[in-house]
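For this one, chain A is given, so just place chain B on it according to the hints.
Protein chains in written order, with the numbering used here: chain A, 1 to 368; chain B, 1 to 368.
Quick caveat, the hints were computed from the structure, so don't treat them as lab data. Not one of these hints is a red herring.
For identical chains, the list gives no copy identity; a pair is met inside one copy or between any two copies.
Subject to a maximum C-alpha distance of 20 Å in a straight line, what follows is the list of computed SDA-like cross-link-like pairs (lysine to any residue): (1) Lys161 x Gln115; (2) Lys327 x Glu346; (3) Lys327 x His301; (4) Lys344 x Ser357; (5) Lys351 x Ser191; (6) Lys353 x Asp146; (7) Lys156 x Gly290; (8) Lys353 x Pro142; (9) Lys344 x Gly356; (10) Lys327 x Arg180; (11) Lys327 x Gly182; (12) Lys71 x Leu12; (13) Lys327 x Gly337; (14) Lys101 x Leu51; (15) Lys285 x Ile274; (16) Lys144 x Ser348; (17) Lys248 x Arg193; (18) Lys327 x Ser342; (19) Lys327 x Ser308; (20) Lys344 x Gly182; (21) Lys162 x Ala205.
Computed from a predicted model, the values in this text were never measured in an experiment.
Number of protein chains: 2
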Amino acid sequence: MDAKVNFNKGDLLSGEQAMQLAMDVALTGAPFVSPNPVVGCVVVDHHHRLLATGFHAKYGYDHAEIDALKKLSEAEIRDSIFYVTLEPCAHEGRTGSCAKKIATLPVHKVVYGIQDPNPLVNGQGVAILEKAGIITEEYQGPLKEDLFQLCEIFLKNFIQKKVFIAAKVATSLDGQIALRTGESKWITSPSSREFVHELRSHYDAILVGANTIVQDDPSLNIRHPKIQKSGKIIILDAENSIFEKECKIFKIHQKENILFAVRKSNPRNPYKQIEFTDLLQLTEKFWVEGLRSLFIEGGAHTYSSFLSAGLVDRIFVFMAPSIIGAKNGLAWTSHLGIDSLSKKIEFSQLKVKIIGSDLFMTARMSQS
Amino acid sequence: MDAKVNFNKGDLLSGEQAMQLAMDVALTGAPFVSPNPVVGCVVVDHHHRLLATGFHAKYGYDHAEIDALKKLSEAEIRDSIFYVTLEPCAHEGRTGSCAKKIATLPVHKVVYGIQDPNPLVNGQGVAILEKAGIITEEYQGPLKEDLFQLCEIFLKNFIQKKVFIAAKVATSLDGQIALRTGESKWITSPSSREFVHELRSHYDAILVGANTIVQDDPSLNIRHPKIQKSGKIIILDAENSIFEKECKIFKIHQKENILFAVRKSNPRNPYKQIEFTDLLQLTEKFWVEGLRSLFIEGGAHTYSSFLSAGLVDRIFVFMAPSIIGAKNGLAWTSHLGIDSLSKKIEFSQLKVKIIGSDLFMTARMSQS
Numbered sequence: 001m002d003a004k005v006n007f008n009k010g011d012l013l014s015g016e017q018a019m020q021l022a023m024d025v026a027l028t029g030a031p032f033v034s035p036n037p038v039v040g041c042v043v044v045d046h047h048h049r050l051l052a053t054g055f056h057a058k059y060g061y062d063h064a065e066i067d068a069l070k071k072l073s074e075a076e077i078r079d080s081i082f083y084v085t086l087e088p089c090a091h092e093g094r095t096g097s098c099a100k101k102i103a104t105l106p107v108h109k110v111v112y113g114i115q116d117p118n119p120l121v122n123g124q125g126v127a128i129l130e131k132a133g134i135i136t137e138e139y140q141g142p143l144k145e146d147l148f149q150l151c152e153i154f155l156k157n158f159i160q161k162k163v164f165i166a167a168k169v170a171t172s173l174d175g176q177i178a179l180r181t182g183e184s185k186w187i188t189s190p191s192s193r194e195f196v197h198e199l200r201s202h203y204d205a206i207l208v209g210a211n212t213i214v215q216d217d218p219s220l221n222i223r224h225p226k227i228q229k230s231g232k233i234i235i236l237d238a239e240n241s242i243f244e245k246e247c248k249i250f251k252i253h254q255k256e257n258i259l260f261a262v263r264k265s266n267p268r269n270p271y272k273q274i275e276f277t278d279l280l281q282l283t284e285k286f287w288v289e290g291l292r293s294l295f296i297e298g299g300a301h302t303y304s305s306f307l308s309a310g311l312v313d314r315i316f317v318f319m320a321p322s323i324i325g326a327k328n329g330l331a332w333t334s335h336l337g338i339d340s341l342s343k344k345i346e347f348s349q350l351k352v353k354i355i356g357s358d359l360f361m362t363a364r365m366s367q368s
Numbered sequence: 001m002d003a004k005v006n007f008n009k010g011d012l013l014s015g016e017q018a019m020q021l022a023m024d025v026a027l028t029g030a031p032f033v034s035p036n037p038v039v040g041c042v043v044v045d046h047h048h049r050l051l052a053t054g055f056h057a058k059y060g061y062d063h064a065e066i067d068a069l070k071k072l073s074e075a076e077i078r079d080s081i082f083y084v085t086l087e088p089c090a091h092e093g094r095t096g097s098c099a100k101k102i103a104t105l106p107v108h109k110v111v112y113g114i115q116d117p118n119p120l121v122n123g124q125g126v127a128i129l130e131k132a133g134i135i136t137e138e139y140q141g142p143l144k145e146d147l148f149q150l151c152e153i154f155l156k157n158f159i160q161k162k163v164f165i166a167a168k169v170a171t172s173l174d175g176q177i178a179l180r181t182g183e184s185k186w187i188t189s190p191s192s193r194e195f196v197h198e199l200r201s202h203y204d205a206i207l208v209g210a211n212t213i214v215q216d217d218p219s220l221n222i223r224h225p226k227i228q229k230s231g232k233i234i235i236l237d238a239e240n241s242i243f244e245k246e247c248k249i250f251k252i253h254q255k256e257n258i259l260f261a262v263r264k265s266n267p268r269n270p271y272k273q274i275e276f277t278d279l280l281q282l283t284e285k286f287w288v289e290g291l292r293s294l295f296i297e298g299g300a301h302t303y304s305s306f307l308s309a310g311l312v313d314r315i316f317v318f319m320a321p322s323i324i325g326a327k328n329g330l331a332w333t334s335h336l337g338i339d340s341l342s343k344k345i346e347f348s349q350l351k352v353k354i355i356g357s358d359l360f361m362t363a364r365m366s367q368s
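Here chain A stands alone, though its shape is the one from the complex (with noise of 0.2 Å):
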């Protein structure tokens, strides 16, 4: 969430900024990781100065710890402390076991943020290194909510089997999204569409409901200086009627990145059909696509759908510090009633800042 701070070779860092380098440095692989989970890794000396950084890059490429252990030399590894943002895996997968290579090592001392909750690691990891004489941690503090943030993709997939849904609006002060006339446009300020991008690449696909492809005409790529990525995007059309029409998203988009979300099929839609009855349905068959997260992007009705249904995990806001007014104005919520001030949708873990001339926020759905 915050700033990034640049740190060089040889800087002394304290616990807390050698974990909150290793999540920055960790997120630069969350366009690519998928299914894999973000994780970062910061290696100091006893001294507590900075000795390399590494991070999980890609699916299939090298963990953080051993993309870190490759930047050092044998006298840098020796009486070293690794800060890795998630238990280093036991077993062997696509990749070998950190914590085994680790083991082989004259390390002194692992911090990892949160214990993998994959039983094949699950505390495993800390045995591994612990038997081989290395000290281990489990990071108690104040980046705690954050450390959980970086890979809630990875852990809700694990724990649960579920794709994780995040939801973006950008919305005036009051919650409108638009004039109920049609009229749209950019309610929030460049950087703010700039920090959307980035947020886009770190999910495998971004749903839109159909009248917002149809109204809006957006391109919902990822045009962003640093991150390349062309991810899924999925259209949620009822009704199976916009196939035809002429949007960008059809002639930017490769044909197999695009799946319509439709209650029927139509042979003449040329774009792949997911028939769905439900929402929780529709999420269950995304999972069987292999999609492990959403990012959706509106409008009003696929927002309250989805809220609705209880499927939304993180909600980012961008809010614009101006009023429309709700007498004319299309509110994001506008297909969302309760019928008690008790069943009201509940967020927690909040958090804020301001990003260009917007009020941004994020949160997770509080059951979730």
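Showing chain B alone in chain A's frame:
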């Protein structure tokens, strides 16, 4: 806005810290100084070690500089540096001129936050000090915007001869303040509500619509461990229809502290009545009544009317991380409608923080 830091006498302060501390102590006077400005003062020695603080505590009481001076020995005054949030006054009003008083003393330097807009002071306080050989410096740093905010009520009063108007809203994340069925309860957390009592105390009067008085039956007093104040209550009751209802407000507040804003006076209404045809005219009548600042606390119709009329200078929004849904919800801008997005109401100088479990934001209307 930010958490106050406690300093002790002798602590070394940076220039920023001294000015921040001057603003922090100034706020203690905020409930009581109207129509004077909120002003704070910090005095440091030539090594920049804290000697004393002072503030304008109440209308008619000592100005901040004099309050600080009274805590200093003759030896301490020698070569001291004053940080004052507002240019020291040049004219003799209810109290003596601060600039003239300081000019008689062996003070080294005076750093002032902003120039006094009062043409009786405007640069003249500085001239008096400089003539006496005291170095003066207008603060130009990151706290400049906060310094203007600290005395924004006074600045608007003085420059425009108009009442300063703030609106405070407690809303869900999607802009709803209740259900349309009438169901309404605390949306935000206890910490937010305590802060509301502090904010209330900074304004001459609280203004609430008649519907809200009847439906929510609020107390609208200032319940804060450190602030004892009974401000005015204005009930916006165009129809002049609620003065005989059984409401807490009529029992809690003294009769002379309650004002009715009505289309037409009614001799049966035992409270003071102010007739109005439009809100701009109403605020002009408030000015004539001696009111210098209003704190609007709802409901939806009242917020919408004041915003439509362009009369809200500052907005305070407490947002709970929960979603109520616009379908059955009552939006705080439900009566506000624009016919083009180009007419949206813009705010700037956005500030944001987390209070308890809520998001708190404040901003200034862009053109005000």
